[in-house]
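S.K.: Take a look at the letters that make up each chain.
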Amino acid sequence: MYRPRLSHFLAVSLALHAVALVVARNDRPPRNWLAGPVMVRLMPVPESTRESRPNRVETAAPAVNPKQAAAPQAAAAAEKILPQRLPARVPAVLSTAAEELPDTDARSGHAQRQAAEAATRSAELEQQLLDSLHTALMPHFSYPLLARRRGWEGIVRVGMRIEANGSLTRLHLVEPSPYSVLNTAAINSLSRLARLPNAGIWLQGRHVDLVIPVEYRLLEG
Amino acid sequence: MPADLMPGAFILAALVVPALAVAAAGDGQDNIIVTATRIPTPSSRIGSSVTVITAEDIANHQYRSATEALQSVPSLSIIRNGGPGKLTSIFSRGTNANHTLVMIDGIEINDPGNTDGRIDLSHLYIGDVERIEVLHGPQSTLYGSDAIGAVIQIFTKKGSGKTTLSGTLEGGSFDTFNEYAYLSGATPQLSYTFNVQHTDTDGVSALSSEFRQPNGVLDDDGSESLTLSSRLVYDFTDVLQFDFSGRYTKTNNDLDLNVYPVQDDSDSDNTTEQVILGLNTRLSLFEGRTEHRAGINYTDIDRRDRDDYDPVNTMDFLRASNKGKKLKFDLQNDVYLSEAHTLTLGIETEEDRIDASLNQQSAFGPYLSDADADQRNNAAYFQDQFNASENLSGTAGVRYDDSEDFDGKTTWRLALSWNLPASDTRLKGSWATGFKAPTLTQLYGVSVSSFGPFTGNPDLDPETSRGWELGFEQALKRIRTQFGSTYYRNDIEDLITFDDSFTTNINRKEVKTYGVETFLKTEFSSQLNSNLSYSYTRAVDQQTDQNLQRRPLRKAVLNLGYTPRDDLGVYLENILIGKRYDTEAATGARIQRGSYFVANLAASWNVNRRWELIGRVENLLDRDYEEPAGFQQPGRGVYVGVKASTL
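Chains A and B, in that order, give the protein sequences. The opening position of the first sequence corresponds to residue 1 in the numbering used here, with each subsequent residue numbered one higher. The opening position of the second sequence corresponds to residue 1 in the numbering used here, with each subsequent residue numbered one higher.
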């Protein structure tokens, strides 16, 4: 009769590990996303608004991390602009942005409206940069199984730089959670995104430094 | 049970980050929030009927021992030979007393030194217990031998927060004093608890008053027990954890003579020492995709019975020593292939050793027996926990046990759980096999008595079972009610029994068990809740067509909790045990016993956050009843006490 042996166990275990690793490598982003934010379609940007954009982005950077500001001279401007950039309900704003942009495109020739619309639009576009970032990041996040089993939750603050060409560099932990598994997962998730599509259009040769808090939160099953 | 055992989705919600304002926004809804459901469900629970007793239940009802806590579990028949501390057997779903596996923090504590390998719960005090889970039905695929009727898993508390010293002092009827003190706390890496539990009671006579000594004496049979326990969990890193659980119990019990002539005895006693040690190491690799567990478990139970010749019982003399040891090493891998499949692979090796001797004199002459043996059992198992869809999950597993002493045994289990979220319904079912290895005494024990010699049978096969169950659970959220019912059936074959000449053991008996477990839980208000359960149990010997003894046909339990204020709680437990068969102590005849009802009341008042007053009344209606036949249970007992904490 068969006799259970340690060597057999180790052999099967190794085989299972190999399968698990292969599966992990090919693992598609998790399915069945529950209702996340509104997905924003990136629209072609009207020529007339393009000029105000670099300022917006530059001013934004110091608000996040003044020491690494790409455009130090804009630090003061950030304070004025900041309140406008905190829409109470972002998804609503985003969907509005997506709907209105074609209109703004059509009306872009009207000089008298340009000034009024520029501020709104640039805030929207800036938001779009972020949304494009989040849309790009979203598929890369998952909740580590170990943490799900042990009940680990926490916030990981991750710093990064979006280079002018859209690539993500200088990923680092700004403020770790108590669990290295979550910290590693957050960094790994972000590092899977090598480049932010279309970012170059907005950045106009500049880079931006960001700190993103990633919160891992468990739901009762 | 959670409605969703292992949902197939990671959820990434509210991915809205005005990152440019991140420094100002801080926490809250502006974060990237990655959410997922917990994976709290051990795979063994999927599709199983599970009864859970929480630390809160234990505190509310002021259960002191596992015996008291398990009384309210449907289809468990808890039989205690007399008052607190006396030999306590469990008959789950109508199976035998050695068909229930009991574990503390994963360490098997069934006594290998016991003649038939049964668990004796009498020494198990539960002040340090966080949760008791009763998994009904055959579970051998994950747990091996003994898991035919049920597996009872007891988990002790882990320390948390700052260092806290707490204590409970309680006293009352039958000169009972209970003391419990514990120290617990945690550092970022180490959580710790140290517990001391002591109980001392004069009790009542184990045997009923009809068994007075010729001089009219019926003395109390007291019990004293000391338990030292500790749980240490050390997180070396996030992915490497050491979990130690240790327990030492010493119990001294006065007993009554239990051989012919059955009568009260003043100098018969038992001393039992138990050492239970377990160390589990867990290592997670690949971001938790694989988890490795290595465990060493050790159980050492040393029972000594003693009775001297005395003027009243001139014929009785007893010297018995039963030493049983169990040492087990196990390795387990959990591999999370995907959301749909979690594979578990395990291997274990266990050595049981007994050293038992008995010298008993009675009216029938001497009875001498001896057993000194060991056996090794190796096993390997494999299980897939699958999620066929978001609402359909289950496990399929197979296990092979290989012993030096009997042919290899394959067991398997398939369990399914199907959620119907639209109607808050869960359907569950399982099909499984179980086995019980013959004990070392049954295999190799030797005894001599005036009836002739008796020797164990080294050719015994394991007892085996095949069973299935089907059930449902329904939630009515609007009226905060849950109810459910499960039908089960179990065919047990090759049960070990005496041969016709009473000279050895053979595999012969066949038993069919079946029954229904039903529950209804309601939260009437935030102050009042109830939990009603009813179980119907049949266990029929296939040769004689008779119901097996000590399994009540019907059992009903109604637990009520009333908390009129946050700091005040009153809990009432009502247990109705129906008709059952038993053996008459004096004659050995098969008799039917009538039903009985017991009510236990517990109340507590939090004076402030450090002090709590507690009080309880056992057998509130002072009912006079025997369980089992010939052994009396205490009448009404009133106990009051105080709990204090440095927190």
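Derived by calculation from the structure, the hints in this document are not laboratory data. Because the structure is a prediction, the values reported are computed rather than measured. Be careful, since some hints might not be right.
Pair ranges (Cβ atoms, derived) [said to hold, decoys possible]:
hint, chain 1, residue 1, chain 2, residue 2, range
1, A, V19, B, A644, 33 to 41 angstroms
2, A, R192, B, G408, 46 to 54 angstroms
3, A, H140, B, A396, 45 to 53 angstroms
4, B, P188, A, L21, 27 to 35 angstroms
5, A, R192, B, Q189, 27 to 35 angstroms
By construction, the Cβ of each residue, glycine as well, lies at the ideal position given by its N, Cα and C atoms.
S.K.: Note whether the CB distance of A:R192 and B:Q189 lies within 27 to 35 angstroms or breaks it.
M.R.: holds (31 angstroms)
S.K.: Can you tell me whether the CB distance of A:H140 to B:A396 sits inside 45 to 53 angstroms?
M.R.: violated (33 angstroms)
S.K.: Does the beta carbon distance between B:P188 and A:L21 stay inside 27 to 35 angstroms, or does it fall outside?
M.R.: holds (31 angstroms)
S.K.: So the hint says 46 to 54 angstroms: do the beta-carbon atoms of A:R192 and B:G408 match that?
M.R.: Holds: the Cβ-Cβ distance is about 48 angstroms, inside 46 to 54 angstroms.
S.K.: Hint says 33 to 41 angstroms; check whether the CB-CB distance for A:V19 and B:A644 agrees.
M.R.: violated (55 angstroms)
Hint compliance for this structure: hints 1 and 3 are not met, and every other hint is.
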